[in-house]
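J.: One line per chain: the protein sequences are A and B, in this order. Here the first sequence stands for residues 1 to 391, numbered as in the UniProt record's numbering. Here the second sequence stands for residues 1 to 81, numbered as in the UniProt record's numbering.
One or more hints might be untrue.
Said to hold, decoys possible - Only some residues are given here: those of chain B computed to face chain A with a beta carbon under 8 Å:
1. Pro28
2. Asp29
3. Leu44
4. Ile47
5. Ile48
6. Asn51
7. Lys53
8. Glu57
9. Glu60
10. Tyr75
In short, the hints are calculated from the structure, not lab data. It should be emphasised that the depicted structure is a prediction, and the values quoted were computed from it without experimental measurement. For glycine and all other residues, C-beta sits at the position ideal for the given N, C-alpha and C.
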Amino acid sequence: MIEFLMPSLGADMEDGTLIEWKKRTGDSVKRGDIIAEVETQKGLIEIEVFDEGIIEKLLIEEGTKVPVGTVLALIDPIEVSLETKKEKPIELHPIQEKTTEGITQEAEREIHIKASPLAKKMAEDHHIALFQIKGSGFDGAITKEDVEHVIAQRDVIDKEKTVIETEKTVASSEAIRAAIAAAMSKSNREIPHYYLEKKIDLTKALTWLQEANEQRKVQSRLLPVVLFIKAIAKTLLDFPDLNAIWDNGLKPKKDINIGFVVALHNGGIMVPAIHQADLKTVDEIMQTLNDIIPRARAMKLRSSELSDGTITLTSMGDGGADAVFGVIYPPQVAIIGFGSISEQPFAENGMLGVRSVVNATLAGDHRATDGLTGSQFLNLLARNLQKPESL
Amino acid sequence: MNEDEIKKNIFQLLKKIAPDTEPSVLKPDENIRETLGIDSFDALQFIIALNEKLGIEIPEKDYGKTNTLSDLLSYIMNKIK
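Could you build all of it, start to finish, from the sequences and the hints given here?
T.: Listed below in structure tokens is the structure:
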């Protein structure tokens, strides 16, 4: 049996509230399916499942707040692909099937429960199973008062839930602040940062981009940051020690998932990951941004997007600061910063000219790598940005 | 479409992109992006929205001609003439 746990969506997450199950007992799930929605400091997150199988049991009730690592559900790892064909025809009456099953099980249990006819009728009207009610009558029989008590309790719980949910929405920007505070304090406490800066000539890259955009409809235009993301991913292929996490030692990661810092309109940031950025084309990266930036701002990200980042990129964009020296998001070991692009006097091969230039920075975890690695990384990044057509 | 109608459309689209701001308080010579805190991504969404709503295409090289409300208005007026 596979235990499905409350995932950690970053070093700063301690607990989450299970808001809604998206699957039921008996449902088959496969890798990547959304199994539940969980409220965290970073908003309402869709939680994905990483195993294949049939849901054996959902252990946590909706509305419950539990710590990271709590078992939420049990999944029976049956070969789903083989079963699917057999199951399909049955799925035509899934509701009927389940109801019959449910009633039989409950009926079996309720044979032994004593209750007055009125109490039975009231419980049925309010969809309360008799075994959930503690009887106070003769020989433990359930009375009308017992049922009324349960109904009253349920109303109070429902009201509390609504209050909590309202408070959460109001407090969400405070919650984000708290999440950032926790992660950045941890980083500053535990990670010995080193900082490097490299001035990169972007003239060729921007000329290529402008020509590419002239051929495109306005809807499919590319932003310079797409070239940064792709160039970083390509460069990281040669620097596996920077695409890694620190967990009692350096652990390089196979996939290159670039966490992209998105500033929220009301303050705060979200850092969704662009999965396998090295395997995506520049157009695919732009499409990913078109998808994740609005969702990050609406705080509607998926669990994998919040937890899979292997390195972070923070880009200032037009008109921002000239350079940014980032704080590493633990357990990652590097963060790359791009300042705003500006026109500057630029000397090359003994000639002085005006070029579009950007200051790229790297903050590295000195436990994991040294300045030499970081410096070689920035040099190759600069060279890769001189060949935008091969990105 | 007259200038007031275009202005109304611009405000509506800006409000959609930067919902926490009040675009109608923009002064004619203020830099739209700086004043409303619009980043490169949102700026592109605004250009796309203008294209979809008013049918005008702003090429990248003309972005510099659309920085303020008065520049943007006269740019659009010229385009739809």
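J.: Taking the numbered hints from earlier one at a time, note which ones the structure violates and give those numbers from smallest to largest.
T.: Violated hints (numbers, rising): 1, 2, 7, 10; every other hint is consistent with the structure.
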